[in-house]
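Using the sequences and the hints given, assemble the complete structure.
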Amino acid sequence: MASTHILSAYDDELKYLSRRISEMGGLAEQMCSDAVRALVNSDAALAQKVISDDVILDHAEREIGDKAIITIARRQPVAADLREIVGSLRIASDLERVGDLGKNTAKRVIAVQGTGVPRKLARGLEHLSDLALVQLKDVLDVYATRSAEKAEAIRSRDEEIDAMYTSLFRELLTYMMEDPRNITTCTHLLFCAKNIERIGDHATNIAETIYYMTTGAQPEGDRPKDDSSNTLGAITE
Amino acid sequence: MNMMSESAVEKALDQKMSDASHKMIGKDVSVYYGEKRALFDVNLNVRENTVTALIGPSGCGKSTFLRCLNRMNDTIENCRVTGKITLDTDDIYDNNIDVVELRARVGMVFQKPNPFPKTIYENISYGPRIHGLSKNKADMDQIVEASLQRAGLWGEVKDRLHESGTGLSGGQQQRLCIARAIAVSPEVILMDEPCSALDPIATAKVEELIHELRANYTIVIVTHSMQQAARVSQRTAMFHLGQLVEENDTDKMFTNPDDQRTQDYIMGRFG
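Sequences listed follow chains S and L, in order.
Residues in the first sequence are numbered consecutively from 1, following the numbering used here.
Residues in the second sequence are numbered consecutively from 1001, following the numbering used here.
To be clear, the hints were calculated from the coordinates, so they are not data collected in a lab.
Residues from chain S shown here face chain L by an in silico Cβ test under 7 Å; the list is partial:
1) 3
2) 5
3) 6
4) 76
5) 78
6) 79
7) 81
8) 216
Ranges between beta-carbon positions, derived for each pair:
9) 221/S x 1011/L: 27 to 33 Å
10) 187/S x 1010/L: 52 to 58 Å
11) 6/S x 1011/L: 37 to 43 Å
Cut-off 25 Å, straight-line C-alpha distance, at most; resulting in silico cross-link-like pairs (SDA-like, lysine to any residue):
12) 1252/L x 218/S
13) 107/S x 51/S
14) 67/S x 1256/L
15) 1252/L x 78/S
16) 67/S x 1268/L
17) 1252/L x 1049/L
18) 1252/L x 83/S
19) 1252/L x 72/S
20) 49/S x 22/S
21) 120/S x 190/S
22) 1205/L x 74/S
23) 1135/L x 1160/L
24) 1252/L x 4/S
25) 1252/L x 82/S
26) 137/S x 212/S
27) 1252/L x 214/S
28) 225/S x 157/S
29) 1252/L x 86/S
30) 1252/L x 84/S
31) 150/S x 1258/L
32) 1205/L x 1216/L
33) 15/S x 1255/L
34) 67/S x 1255/L
35) 150/S x 222/S
36) 1158/L x 1129/L
Everything numeric in this text was worked out from a predicted model, so none of it was measured.
Ideal Cβ positions, reconstructed from N, Cα and C, are used throughout, including at glycine.
Now the structure itself:
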């Protein structure tokens, strides 16, 4: 933002929100990457750390909410300032959800610890999580620059994650059909895959919010989707 | 009570507004105070049954423009107005226009409440009397009551109509001035910072009144309070250095204005 407010305390409040969002983003990213690492390495200690980190993220979201409410009450923001504050609230809630998804994945580490994760599936999960985390990292970088064009570019990339998720879903089904003893582990892994796919969705939400904050308009058109898992296995003639 | 729900009334009004013809049209309006030019070719149309707010920093020309709309600038020596302003189809700067009649059609409410040092009744009845709007005492009583009703002041003053208008509180005095403006059945009401001398409660009452008056009158309001413009108006015009920078729907103006200068001004930023 080129110009500054006549009231410098107002700028400080907005900067606080944006700094806290960036911190939340960093932590959410770390949690998700740790959760997947804990899963493929069956690392219970790391999983436990992810679970306890979620408290910090929840707390940060509440603090951002409180600060935003106070800023609205004191400053009666309009135009870009108002969009900035409302956007902060939305992004904070998306990041909080990302943290929850990381935590949920971490919780499943203990359940699949006994059997371990088959190498091939582990690679698939890692690949999915790489895609989702790049998406999350990029969207946080865009948040720092507030570029509407880049936000829109990120939004169109969610398709790739959806396609990867569908293929993983298919693979897990095959494992379960091969040997019923795989069902417990595979079901947990299916939830983990879904969690990771959802992280990509939240990153896309954040990209849309950034687009709105910058331009004041909603991004046009439906977001691209390539998740056909909801019809997978349906009996077709 | 009216059976039409509040939101239905709003909707009907908004519909009326979007179809609204332009009650007043300002074309290439420029104003000079002696050598100094205060307004530069302003093109601004005022829609019927709409509250139009004029905003902008001090000295931007918003009050100057407002005062052009009922030729209040005529009273200032050295002041010269060029361009054209019409009320319906009448050119208000035409030589054949009776300025006194014009000011009855386009009433004005000022920053500081300025009731006449007379009774509440006489404050209201003065205008209708000089314009010959009433035939007899009963007629006049009716005009006074209706005007005070419309201004939301009747309940508070009906038992003391013959006490001095200056004895009322600031907020009541301002509503008395609005009642006085209404009494001559104007078509347009101009308000120059009508709430800047009032406390928040009196301000809220005047704003509520503006909201209600919109159904029957066309209102143009100059205000320094961005929030007030956002609260009471449907259209907002932003002035800067004697120029009209942007005119837009108020909702758009306060969420996503088109012009950077508007954005900087309403957000309280350095340009």
